Amino acid sequence: MNGAQDLGGMMGFGPVAPERNEPVFHAPWERRALGVTLCCNALGEWNIDINRRTRESLHPVDYLGSSYYEIWIKGLTRLLAERGLVNPAEMEAGHALEPARPTARPTLKAADVPAALAKGGPCDRPLDRAPLFAAGDRVRTRNMNPAGHTRLPRYARDKLGIVERRHGAFVFPDKNAHRLGEDPQWVYTVVFTGRALWGEAADPTLTVSIDCWEPYLERA
Amino acid sequence: MPHDGHHDHEEGSPLPEIALRVKALESILVEKGYVDPAAIDAIVETYEIKVGPRNGAKVVAKAWSDPAYLERLRRDATAAIAELGFTGRQGEHMVAVENTPPLQGKPGRHNIVVCTLCSCYPWSVLGLPPVWYKAAPYRAKAVIDPRGTLADFGVTLPKETEIRVWDSTAELRYLVLPMRPEGTEGWDEARLATLVTRDSMIGTGLALSPERVA
Chain A
1 MNGAQDLGGM MGFGPVAPER NEPVFHAPWE RRALGVTLCC NALGEWNIDI
51 NRRTRESLHP VDYLGSSYYE IWIKGLTRLL AERGLVNPAE MEAGHALEPA
101 RPTARPTLKA ADVPAALAKG GPCDRPLDRA PLFAAGDRVR TRNMNPAGHT
151 RLPRYARDKL GIVERRHGAF VFPDKNAHRL GEDPQWVYTV VFTGRALWGE
201 AADPTLTVSI DCWEPYLERA
Chain B
1 MPHDGHHDHE EGSPLPEIAL RVKALESILV EKGYVDPAAI DAIVETYEIK
51 VGPRNGAKVV AKAWSDPAYL ERLRRDATAA IAELGFTGRQ GEHMVAVENT
101 PPLQGKPGRH NIVVCTLCSC YPWSVLGLPP VWYKAAPYRA KAVIDPRGTL
151 ADFGVTLPKE TEIRVWDSTA ELRYLVLPMR PEGTEGWDEA RLATLVTRDS
201 MIGTGLALSP ERVA
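Order-wise, the sequence lines are chains A and B. Take 1 as the starting number for the first sequence in this note's numbering and just add one per residue. Take 1 as the starting number for the second sequence in this note's numbering and just add one per residue.
Pulled out of the complex, with its shape left as it was, chain A reads as follows (with noise of 0.2 Å):
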């Protein structure tokens, strides 16, 4: 969906702001806010791309208003009213008012949590069908304005570009995110110019690229 989240060439957000010496978290609760999502998404009630799809989904003042640990607790918060594991009276009154229920996956040990982590959740599938696109082909991606999840963003769309490399085959967020299946398809780092992108006054020296799955693309 075209949303808050799809940020690349806005203006007027003002310099980019380093912090010296940056702690890794700000402050106590962002640590629980990581450990609380992470928790969550173990016990497989929805998957990478939902949770993507749902923070999408927050208000476009909302979005920009929040920082990104609020922006990750807004939507664990949507994803456990709608999957009826924590309700918004549940939250009002900040305890259990009916029973849990069992979820797709246990809830993760800490003494899982290392193996946990360690393997991660790989999005590559096997996929059977040969690719419709080899490194320097010239492509087009499509133009397209979903209602939907994509990770199409604005301002690459029917945007003329060269595919500089295929991966391997992946999860496809579209559907993901939608709960239509995973309909693995292959995915290419499509690079673009400065000028194709943003016109002649781009710089001469940029190349911009994104890692497209092939329905994202035609030939051109």
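Everything labelled a hint here was simulated from the structure, so no lab data went into it. Some hints could be false.
[To be verified] Quick list of in silico lysine-lysine cross-link-like pairs, DSBU-like style, CA-CA up to 30 Å: (1) LYS106/B x LYS159/A; (2) LYS134/B x LYS159/A; (3) LYS74/A x LYS175/A; (4) LYS32/B x LYS109/A; (5) LYS119/A x LYS159/B; (6) LYS119/A x LYS62/B; (7) LYS159/A x LYS159/B; (8) LYS119/A x LYS23/B; (9) LYS119/A x LYS32/B; (10) LYS23/B x LYS50/B; (11) LYS106/B x LYS62/B; (12) LYS23/B x LYS109/A; (13) LYS106/B x LYS109/A; (14) LYS134/B x LYS175/A; (15) LYS50/B x LYS74/A; (16) LYS32/B x LYS106/B; (17) LYS62/B x LYS50/B; (18) LYS23/B x LYS74/A; (19) LYS119/A x LYS106/B; (20) LYS134/B x LYS74/A.
Small disclaimer: the values here were computed from a predicted structure and weren't measured.
Guided by the hints, dock chain B onto chain A, whose structure is given.
Showing chain B alone in chain A's frame:
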């Protein structure tokens, strides 16, 4: 931008609303048995103490020192990084991209990594992303004005240097290999790693010169 300060909570002052919300959420989740609070502690400890940019610095220092390793990193970065024991969450599919000096009339190349759509970042080698990486100014500016972005970090590149911005829109995670500073001949990997900053592996900085760490 963040409502509550970028400061630790001070004793006696009221907790910000979000802190109360997270606290309530955790206690309900624990009460219902969905979350083990000790698992939260273990996750926090992992990213606060164990996994951070020192991992990536070791990868870069080895790539600078060992041509065979650099070759493996080019071919399959995930496997080459796993050789050093760095695997897992948000590092499942790694790609290493090399900054290069001018050569035979061809300009040098500088790489910058961003995630304009969220905050994708190679956790296994860099740890958790800094606030600026996740915030709107960087995500908006890096792809359209990379030199202005670098200037915000105090970095100026030669005007002919080619700049490649990698917007990590899929599940590939990018690690920049900064150029090895001059005057480091004969340095071992451990010493070289001290020159490799987090920002140099994102592309918003350069590796430190030897006099900076002397």
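Review point. Straight-line Cα separation of LYS119/A and LYS159/B no greater than 30 Å?
Key: Since the Cα atoms of LYS119/A and LYS159/B sit roughly 42 Å apart, the hinted pair is violated (cutoff 30 Å).
Practice item. Sort out whether LYS62/B lies within 30 Å of LYS106/B, counting only the CA atoms. Key: 26 Å, holds
Practice item. Take the C-alpha atoms of LYS134/B and LYS159/A, compute the straight-line distance between them, and say whether it is at most 30 Å. Key: Holds - the C-alpha atoms of LYS159/A and LYS134/B are around 26 Å apart, at most 30 Å.
Check your understanding: Going straight from one Cα to the other, do LYS119/A and LYS106/B come out at no more than 30 Å?
Key -> Violated. LYS119/A to LYS106/B sits at ~41 Å, over the 30 Å cutoff.
Check your understanding: Taken at face value, is the distance from the CA of LYS74/A to the CA of LYS50/B at most 30 Å?
Key -> 28 Å, holds
Review point. Would the pair LYS32/B and LYS109/A pass a check requiring their Cα atoms to be no farther apart than 30 Å?
Key: At roughly 14 Å apart (the allowed maximum being 30 Å), LYS109/A and LYS32/B satisfy the hint.
Review point. Between LYS23/B and LYS74/A, does the CA-CA distance stay at or below 30 Å?
Key: 13 Å, holds
Review point. Under the criterion that the straight-line Cα-Cα distance not exceed 30 Å, is the pair LYS74/A, LYS175/A satisfied?
Key: The hint holds at about 23 Å.
Point to revise | 30 Å Cα cutoff - pair LYS119/A, LYS62/B | key: At roughly 24 Å apart (the allowed maximum being 30 Å), LYS62/B and LYS119/A satisfy the hint.
Practice item. With a cut-off of 30 Å on the C-alpha distance, tell me whether LYS134/B and LYS175/A pass. Key: 25 Å, holds
**Study point:** Proposed proximity, LYS106/B with LYS32/B (alpha carbon, max 30 Å)
**Key:** It is violated: about 62 Å lies between the C-alpha atoms, which goes past 30 Å.
**Study point:** 30 Å Cα cutoff - pair LYS119/A, LYS23/B
**Key:** Satisfied, since the Cα-Cα distance of roughly 28 Å is no more than 30 Å.
In this structure, the earlier hints numbered 5, 13, 16 and 19 are contradicted, and the remaining ones agree with it.
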